[in-house]
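Trainee: Since the structure of chain F is already known, use the hints to place chains Y and A on it.
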Amino acid sequence: MKKLVEIALGILTAIGGFVDIGDLVASTETGARFGLGLAWVLVVGVLGIIIYAEMAGRVASVSGRAVFDLVRERLGAGVGLLNLAASFFITLLTLAAEIGGVALSLQLATSVNYLLFVPIVGFLVWLVCWRVRFEVMDNAVGLLGLALIVVAVAVWKAHPQWGAMLHSATHPVVPRTETHTAYWYFAIALLGSAMTPYEVFFFSSGAVEQRWTRADLLVNRLNVYIGFPLGGLLALVLMVAAALVLEPRGIDPSHLSQAALPTSLILGKLGLALALLGFFACTSGAALETALSCGYSVAQYFGWPWGKLLKPAQAPRFQLVVLASITLGAGLPLTTLDPIKLTEYAIVLSAAALPLTYLPLLIVANDPAYLGDKVNSGLSNAIASVYLVVLVVASVATIPLMIISKAGGG
Amino acid sequence: MTVEWGVIAVDQALQLPFSPSSHHSWDERHMTRHPRQRSWTPAEPTRRRFDLAAVGLGLLLLVATAGCTGLVRSDPVYASKAATTAAAAASAVETAQLAVQEAAAGKLFGRSLAQTLAEAASDAGDVQATFDAIQPPDGRADALRDQLDGLLTPAVSTLDDLRTAARRGHVDQLPSLAASLPRLDDRLAQFQKARQ
Amino acid sequence: MARRLDAALELLDRQLIDSDGTLAGKVDDLELTDPGGNLEQPRVTAILSGPAALGGRLHTPVGRWLARVADRLLAPDHDQLSRVPFDQVEAVATDIRLRVAAGELGVGAGEARVRERLIGRIAGAAMRLSELLGAKVVDEHGHTVGKVHDVRLVQEGPQAGGVGPGLRVEGLLVGRRALGARFGFDRGSVRGPWLLKAVFGSLGHDGHYLPWGRIRSIRARQICITGTAGDLPRPEPLAEVAHHREPAEGSWRIRT
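Chains F, Y and A, in that order, are what the protein sequence lines are. Residue 342 in our numbering sits at position 342 of the first sequence, with consecutive numbering throughout. Residue 27 in our numbering sits at position 27 of the second sequence, with consecutive numbering throughout. Residue 104 in our numbering sits at position 104 of the third sequence, with consecutive numbering throughout.
The hints are simulated quantities; they were obtained by calculation from the structure and are not laboratory data. Predicted model, so just to flag it, every value in this text is computed and none were measured. Hints may be right or wrong, so weigh each one.
[What the hints assert, rightly or not] Below, in silico cross-link-like pairs of lysine-lysine (DSS-like), each with a Cα-Cα straight-line distance of 25 angstroms or less:
no.: 1; chain 1: Y; residue 1: 81; chain 2: F; residue 2: 341
no.: 2; chain 1: F; residue 1: 374; chain 2: A; residue 2: 197
no.: 3; chain 1: F; residue 1: 374; chain 2: F; residue 2: 3
no.: 4; chain 1: Y; residue 1: 81; chain 2: F; residue 2: 406
no.: 5; chain 1: Y; residue 1: 193; chain 2: F; residue 2: 406
Bound-form chain F, shown alone (with noise of 0.2 angstroms):
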């Protein structure tokens, strides 16, 4: 019975703290410009972030080391500090786009400026990671997350025509409005919204602190193949929301109040509360799970000691990372460079260092030294494969399109 209520804990914050406000930012944006012209693209995220988060459980479970600390071990010194170097800098624009998205969610249901909330964010966040033991919090955000189910419900509610729907996101057609290139370069920010690199430090170094072993590969599949649909359908309807409400009128969403707009239009204060709520605890969990992530990577390279369970005074580089990477992120947004635009920057160049984790992720699932009998499949292999050279692609393709199509601009 215990065994059950903690694999539904798994699966349900799993879900609750998939979304982000990069898949916030970018599944609204999406759906407002492009219709559902765009979902394919969320599809292929959702899918492409389970065959590697499962394989980065399995990797922790199983060898007991987490993702980044073998980045290094199999790429070298000089390699891994590049990859380190470029990992934690968008992981820190990430962090401070989460923090950033926390302090809106917040000016949204207070109507206060979100720069006085900023560094109080930060604080708490730092609280957090100093204080609150590693499973309550993960819960906690994870839980409240599920709020943004409401907008599942909203989409619902509001009766759309579904055949002409799966039409239009099977047939995908760029709107007459938006260029091709405007296209391609949300196409690669919506995938880097989906498959974002902390996930998979943040999933492993969790796995290893929670000692998790072979017993537990059942549960570590279980989270990912049913968590993580489940919670990459609350983007997808995140997506359909605005392709619904947004879209017909025109509106090119900037602000995360254009965002609430199409569930309080259907459900009313209720709905919008939720969706506050959603909107507030996906932010917070995920600039927790940055954090962290900041931390953990920087650790894992230097081979400190480092966990949020281990007593602060036994990992003090470990919670300096993590102070200086909160400091730092929430210095960003002080900044008063928008958190909307600092999203879009955060999403666009994770797609582009996407292979950087990747690539060792897939190296090392293949090493029966560090997994015995637990390699990867030939199945799960030419998959992860096939993501691989796209995401290589992607990479490529990020900059140039960034620049012709002026950062989605146009």
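Mentor: Same frame as chain F, now just chains Y and A:
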């Protein structure tokens, strides 16, 4: 502590070309080590890495300035900028309309309503300010600018009024204040279509 | 049959775990010394760890700058290792287990010695593994043979800690196979994704094995050898050593 970091970092960076290294040679006969002079000799690849870094930085700067506006030299480019401005303004106007519609039906909290309208108003204002900052290249573009401004100015002022009313909690006044928005929206949409 | 292993592939960048199960840094470099004093038979005598060692290994100015900054700022505390004598090693597997707790090794002293060895004059015949890696190998006619991408060690001689006989440098692996070899794709046991094996595996199979005895001199990261490249043998593939150890065995998991 940050200052200390900074000072030490700069200090170390400056020392680089002159910093010590282990540069030893082995004597053929004795295979013994003779410590030689102290100098780090960076290997070849670092020069290439510096170049790569410079290119990377350049690219980053290019990307960062990708959205900047400036002097526009030709008519079609100006027309397309006018079209995108109209689209952005229409988006803000539609957002305000939707918010007012929801508020009238009691679907929005006062604070969220105020926030939404404030953001729509500031978007419209920013869009107009950015557009007006571009120099029209010729007389025809001048006329275009006047025409668009003729739509933007009332839109911005209406949205400002809506923002103020929402902030003061006068939700019942909003529908009447927003009465002119649908027509403005239509005209902005027509303007955009004509110059797409 | 004495066990052989390649230092860069199997020792460098591995996690150090002390006797309490605490993570204690990574193997950033190895100290090679010859008790005879003339480097004819260098042995691995210590593991070097920490920012000073890492900085010495990274050949880019940025890397070294980072290391020096870290070195000045991060005061050595009880769990930060600098120099671990090789006889304190309990086992070598996918990670390196030590016999003692990190604190017992007296870090302060180790720190100072490492600083001395890396930055100042070195007393006695000792060098670091990183001085060999990436060094250019030149034959007696002045032709470049290639760059050293790994160092082959053989386990023989006096006991060293828990690993049994200590490690002696047998020869150098010279060639261009760095990337695929690092990923382990040339080893038979890594079945690997077909795509990656095809891409990385085929990157240059022109490696040579350079026995240590053929080295005439080493100076300024250039190794001169007797004879020519032509009479250097191909490297032997190493026997597979099963490193896999289940985490459930317990004692080395990170402690809470």
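Trainee: Just pull the numbers of the violated hints for me, sorted ascending.
Mentor: none
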